[in-house]
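Visitor: Make one complex out of these two single chains by using the hints.
So you can see what is in the structure, the chains are spelled out below.
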Amino acid sequence: MTTTADSTTDSATGLRVEGLYKSYAGVHALADVGFALQPGQVTALVGDNGAGKSTLVKCLSGLVQPDEGQIIVDGRPAAMHSPRDAAALGIETVHQDLALVQHSTVAQNLYLNREIRTKIPVLRQLGWLDHRAMQRRTEEILRELGIRVPSAKARVRDLSGGQRQCIAIGRAVGWSQRIVLLDEPTAALGVAQTALVLELVRKLADRGVAVLVITHNMEHVMQVCDQVLVLRLGRLVADRAVSELDSTALVEYITGLRSDFATTTNGGDRAEPAVGGERA
Amino acid sequence: MSTQQVLERAGTAPGPLGEAVARLRRAPWSGAAVYVGFVLVFAYFAITLADRGFLTGHNFLTILQQTAPITVMACATVFVLSAAEIDLSIGAVVALSAVVGAQAVNAFGAPVGAAVGFAVGVLAGLLNGTLVVALRVPSFLITLGTTELFAGATEIFSHLQDIPVSNVGFATIFGSGAFASLPVALLWSVAALVVAHLTLRWTAFGQRVLATGDNRISARAVGINTSRVRIAVLAVSGGAAGLAGLIYTGQIQGAIYTLGVNDMLATLAAVVIGGTTLRGGYGSVVGAFVGSILMGVIRNGLLLAGLTASQQTLVTGLIIVLAVAISQREKA
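Going down the list, the protein sequences come from chains L and Z.
Read in order, the letters of the first sequence correspond to residues 1 to 280 in the UniProt record's numbering.
Read in order, the letters of the second sequence correspond to residues 1 to 332 in the UniProt record's numbering.
One chain only, chain Z, in its complex shape (with noise of 0.2 angstroms):
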């Protein structure tokens, strides 16, 4: 008798490891997983990392800088995935627009250089929404023709040189100032967190974009221009993208041809963690930021652990993989 409930257990349960996962993600706070994570991970960095100084206002500073871009992108991002999209050229549009911003800052100052980096994004991200939709191919194959197409003209606008940008507005702007003591890494990224939060919540904007990612069928019936919404997101993730390259090339005053060529991945990481499904109709924006400043934390204490540069990559693939096992679960 004991044999066979044994085997039917066997047969049934996952084992113990399954089991545990699987409470976790039948969990109600399933959806908050980003935050109890966050939580943790800083708690427990906290005061392992006590006498290494994790817990300064300077390794604050640093891990804000470091994730600005990926933040930014991140807050765009759940846009494009929010619409059943997916944009994997946000990392070569970094590059381009950097590059060409970059030149364009010194031959024509700060104001006009920075407008033009911000418009090749867009324009990067206008070329691949007309193309899906122009093409009806799925924005995942050409975003993924796209990368590439950047990134040659990346190459060529730079002649594969570093181009140093020696502007002190731009770099105060976009880099390392500060307003009102707070460091414009933070502003940028909270700048792009409430815009984007109250854009996709509270508009009708955002409205149209969940309803084309749920159901484009239905979204058309009732009278929503999803090939509209569709363009806008993949623009607005080239914008994000140019705007991340613009605030690159601020913190290292200069831009290379090599930049955000790991951002589209981190990116993507970011703002699952934070909830946002692949498959469209949901989106978290404030996820996605903290799924942004969570992996900068995770970095920043793997490194100040003394892990090597491998070691904290593979960690922190693990913990990628641990954590959409909570955040993304599947519907049977």
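With the rest of the complex left out, here is chain L (with noise of 0.2 angstroms):
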């Protein structure tokens, strides 16, 4: 039930959230959000650390299952129990910890637990890689998406940082998904890995790809993003276009100062320091 004129405009396409709610022992850790990413647009999701970020991202990703509320995508409302079924549904996401395997090669990462077979029939049927198709495919993935890495052969852990978080990035996009979830995508890069990033998640928008990245960055959310979503104590409490912000709104948005939609629902809470969000 958001009521932002500029996120609900078109239904069709996109991820739509209405009415999330989840809790772990009472305690919600969402409660009522609803929200709209559009193809074509990055939407910075910001909050402070408890605000219920990663439990939103992992119900969209399959990881957790909400207890109330819907996930609609492409019009039609998802049932996701796992990974997969997010995957079949074109989201995917690019976890914190990189989620990439150190010691195979970008290629293997690329195509981790969807590894493309040999055509050739008994063999098919044992599992049997056609290695040189996924490095070919890799090297084209690599290439669209500009990312450089010395080869689709090399090992993940002899690369950068940024070059590895772009291959995650990469591994999400390559498979013309049209949501990507970022989770703090520059949270341990340097400032050269950060662009490279940063330009990299622009680009996938460019694309057509509706992209949500978590970030505690307002500069990010200045520099890239065009919508920003900010939870507090697991509800939403903004949903607008960044031009309409500055990074001081923002912040006041994320330590309670103000909110747009809290008038009559979470009105006590305001009151309290932020100890968890525990409601009755």
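Keep in mind that the hints were calculated from the coordinates and are not lab data.
Possibly wrong hints are sitting among the right ones.
To be verified - Computed cross-link-like contacts, SDA-like style, restricted to lysine to any residue with a CA-CA straight-line distance of at most 25 angstroms:
hint	chain 1	residue 1	chain 2	residue 2
1	L	K153	Z	G223
2	L	K153	Z	W202
3	L	K153	Z	R220
4	L	K153	L	T118
5	L	K153	Z	V195
Claimed, not checked - Now the stretches of chain Z that chain L is said to cover, found in silico as 3 or more residues with beta-carbon under 8 angstroms:
hint	segment
6	206-218
7	221-229
Every residue gets a Cβ at the ideal spot worked out from N, C-alpha and C, and that includes glycine.
Guide: Here it is, written out as structure tokens:
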């Protein structure tokens, strides 16, 4: 039941979330969260630690089942019980810990658990892989996205942090996925590496992908994002175009000095300090 | 000035021996240490033991027969370690499979008996894997416990008696036979090498094993059923131990409840010398194969050189320490 006009203009494509609830042991990690992600747009998801950002991304990526509410993909309610279900719907998540297999090659990582098998009949049933096809396709994907690594055969552990992050993101979109969730993609990176990743994020959106980025960096929000969602104590307190805001306003939303939605149901909460969003 | 330099050097440099080892570890071929080691050891024995029968077909056959059970288990253990698990129970499974398999051969003939012995190994491995996943206890601890469990079961099934097996067909296939003039010990070893190597490098299962061992959380995040992978590698390990038990039974034409007592450590030594790490995510079947044969060659050479059993064990221990110092370098 979001009411912001600019986030619900097109409900047929992209991802829409309605009335999402999730609680752990009686504590609301998410309460009545609703918003939409548009193709071609980068949406920032910001909020203090414990605001529910990770839980929200886990719900959207099929790792966690919401208690209530709907996730609607391309106009149809989606039932996601695993990351595989999410991937089948075109949703791909890049987790904070990079989620790459360090000892394996770039190509092996890109194709992890969706390997190209050989076309030779009996061997195919045995799970025999076509490493060459995977390497060729990997080079293509990397070239398309402008990701520079020594080779598709390079081992991930030998790459820089920025390169690894780009590979992780490349894996997410190498499957013509249309919705990509990024959990703090620049958390552990230096300046140059960060620029590399932000550039890639922008490029994804320009290719028509709907991107959601969790970040703590307000500068990045202003730089590359079109839309911003602010979570506080499990509730959405802002869903705005970045052009309407500045960093100061964002920080006010995050710390609870401002809220767009919390007038009726959330009033009692806001006077209390952030102790985890416990509600009876 | 020079005193200060000396002090500085003393503070940072680890002395000549440490430096030499460090240089060896930095060498680009450190992953290939086992192959270089094999060539060096083999050449050394070939020269020094030339007149004592080292370089004879009969001696090589002996080495192959002695190492075949370890080689088979080493190839499977690469999968276990690659998945960041460990199976301490393989020695006990060898004895259990041998004792049960031997009685089954005597009762039902070679084909059924061999199938039973192998199945016992697979089931033991499945039990290990299921316990690890279901109880959420590391495989190190579970297999520590099941080692005793299997050892006790073996003693009960064998009544602490030898079980002679006189079945000629069984002895031919698992022990002393030959096909196309190739001894079966060699065939079993090479079969294990080829199947394990291709499976690890060229199949989707191999990729899943490596991913699970490297980073279980990310493996799960891309939809790999890591529980199934972990059960599978331990079942493979159990099956290989079962096969090793059958090979022993074929070779000595009987089973004893003490079979395989030292095999777990020997197998792990062969695998880690071959470059497979205990941390998961990487494994070398070819390295494990060569590691197993290398250990066999060393034992054989020391025996021919006239060392007593105790001296052989001592020297073997020294060589293992040296080998892992080179092949198992840790990052900072």
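Visitor: Flag every earlier hint the structure violates by its number, smallest first.
Guide: Those not satisfied: there are none.
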